[in-house]
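Once you've looked at the hints, dock chain D against the given chain L.
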Amino acid sequence: MDLFFFAQYMPMYLKAAGLTVTLAAAGIGLSVVLGLICALVRFYRLPLLRPLASIYIEFARNTPLMIQLFFLYYALPKVYLKLEGISCAIIGLAFLGGGYMAEAFRGGLEAVSRTQIEAGLSMGLTRLQLIRYVILPQAFAVAAPALAANTIFLIKETSVFSIVALADLVYVFKDLIKEGHSTENNLLLIGFYLVIILPVSLLFSLWERRLRRVGFSV
Amino acid sequence: MLDSAFSVFSQGRNFARIVEGLWVTLEISAVSVLLSLILGLIAGLIMTAKETLGATAIRLYFELIRFTPILVLLYLFYYSLSRAWGINLDAKVVAILVFTLWGTAEMADLVRGAVTSISVHQRESGLALGLNESQINHYIVIPLAVRRLIPGVINLTTRMIKTTPYIFFINVPELIKVGQQVVELTGFKNKLASFWVYGFIFFIYFMVCFPISRYSSYLEKKWGG
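These protein sequences, in sequence, are chains L and D. Under the working numbering, think of the first position of the first sequence as 661, with each following residue one higher. Under the working numbering, think of the first position of the second sequence as 539, with each following residue one higher.
Treat the hints with caution; some may be incorrect.
[Stated by the list, open to error] Simulated crosslink set (DSS-like; lysine-lysine; CA at most 27 angstroms straight-line):
| # | chain 1 | residue 1 | chain 2 | residue 2 |
| --- | --- | --- | --- | --- |
| 1 | D | LYS729 | L | LYS738 |
| 2 | L | LYS838 | L | LYS816 |
| 3 | D | LYS715 | D | LYS727 |
| 4 | L | LYS675 | L | LYS742 |
| 5 | L | LYS738 | D | LYS630 |
| 6 | D | LYS715 | L | LYS742 |
| 7 | L | LYS738 | D | LYS715 |
| 8 | D | LYS715 | L | LYS838 |
| 9 | D | LYS727 | L | LYS834 |
| 10 | D | LYS715 | L | LYS816 |
| 11 | D | LYS630 | L | LYS834 |
| 12 | D | LYS729 | D | LYS715 |
Hints in this document: simulated from the structure, not taken from any laboratory.
Okay, chain L solo, but in the shape it has when bound (with noise of 0.2 angstroms):
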């Protein structure tokens, strides 16, 4: 073990799990928007946007997410337009989070009883103080344990990312490879990630047993 590789190299870890924090955070945040939008649209059946929404959903979660980065990084600029590694990077993971997200806010959505929405409209509640109020905080509390088995699943997905020329922790162990060391690389790889996983996943065990005791879940 020498102790003297892991200060030497430590900041270069460290400023790529930043990177890696970051983006995931942004990805997964816009992926649990677009994946409730999508969830309502179906859920309302509106028309017109309920096929799209489908649609989108079977083609986001049913292919990887380094084909779609590649689509966006390699093949759109050629009749579209150019985007950054890193907006590619955001973009391609929400775009594969959208789909999962709004698949776990369908079930949740579809927890919500009959009864509740009807109880709601005849207090006089409007239709987005009833989905604010009833609707949301219900599906939500069913839909904890997809949504913390997707936001982990995501994360893991980052690691992809060196493909849209970005320099995140893959990329480090990558590039520290001829630097000898490998005991010591391999553990700052393995360790970096389970230090931005761990907590996460932690972190929602204890919002789904909250959840559980506020009585919210079934």
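Showing chain D alone in chain L's frame:
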């Protein structure tokens, strides 16, 4: 515009190479899924059998694997095996090894979920009918567990297919790698080559995964509840 697409795919062996890339993708997925099913079934049954130290250890180990990005596992195995331990394996073999490791962890979790989801009163009803332990397993637990397991197993297949692009990073000529080579070969003359090739590969993945995932959700609906 369409003739540029035609020229990309008709030039040389471009189309044949993409088909070969698809074959590599499907081959590695199929072998990895098959191995994962067998090993995962065994691991899952060990985990559900008894709360022993061994079962807990297996479970923790699998949790760790499921938390680690698959690309990281792939890199660790690919570079560490050759550099640190001097074992030189073909990249394809490393890919199957890592995917099987991951797939086994996922499969074991599916098995555990399927077996523990069978409610106690199913078992107790069997006992009340005078069935013995092996009859209960044979007539009640296994049929129920298999029905709960199969949609997840089919789903695991599409997840495996969507995981294979990672082997691009260790230079296995799967779909995307082959696509990249085709683009490099034709992109100089044909400006739209990357659009057609990557668009086509995007579509291939969809055409492979969509029917499988549809079938999985059909079974889930049919057997669910």
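So, going through the hints one by one against the coordinates:
Between D:LYS729 and L:LYS738 the CA atoms are separated by roughly 7 angstroms; this keeps the pair inside 27 angstroms, and the hint holds. Taken as a hint, the L:LYS838 and L:LYS816 pair is honoured in the structure, with Cα atoms around 25 angstroms apart against an allowance of 27 angstroms. Annotation: proposed proximity of D:LYS715 to D:LYS727 holds, straight-line Cα distance about 20 angstroms (limit 27 angstroms). Proximity of L:LYS675 to L:LYS742 is assessed by CA-CA distance (about 26 angstroms); at most 27 angstroms being required, the pair is judged to hold.
At roughly 33 angstroms between alpha-carbon atoms, L:LYS738 and D:LYS630 are farther apart than 27 angstroms, so this suggested pair is violated. A threshold of 27 angstroms between alpha carbons decides the hint, and for D:LYS715 with L:LYS742 the separation of about 22 angstroms falls inside it, so the pair holds. At roughly 19 angstroms between alpha-carbon atoms, L:LYS738 and D:LYS715 fall within 27 angstroms of each other, so this suggested pair holds. Under the criterion of a C-alpha separation no larger than 27 angstroms, the hint pairing D:LYS715 with L:LYS838 is consistent with the structure, at around 23 angstroms.
Simply put, D:LYS727 and L:LYS834 have alpha-carbon atoms about 32 angstroms apart, too far for the 27 angstroms limit, and the pair is violated. A hinted pair counts as satisfied when its Cα atoms are at most 27 angstroms apart, and D:LYS715 with L:LYS816 qualifies at roughly 21 angstroms. In summary, the hint linking D:LYS630 to L:LYS834 is supported, as the alpha carbons are separated by about 19 angstroms, within the 27 angstroms threshold. Under the criterion of a C-alpha separation no larger than 27 angstroms, the hint pairing D:LYS729 with D:LYS715 is consistent with the structure, at around 19 angstroms.
In this structure, the earlier hints numbered 5, 9 are contradicted, and the remaining ones agree with it.
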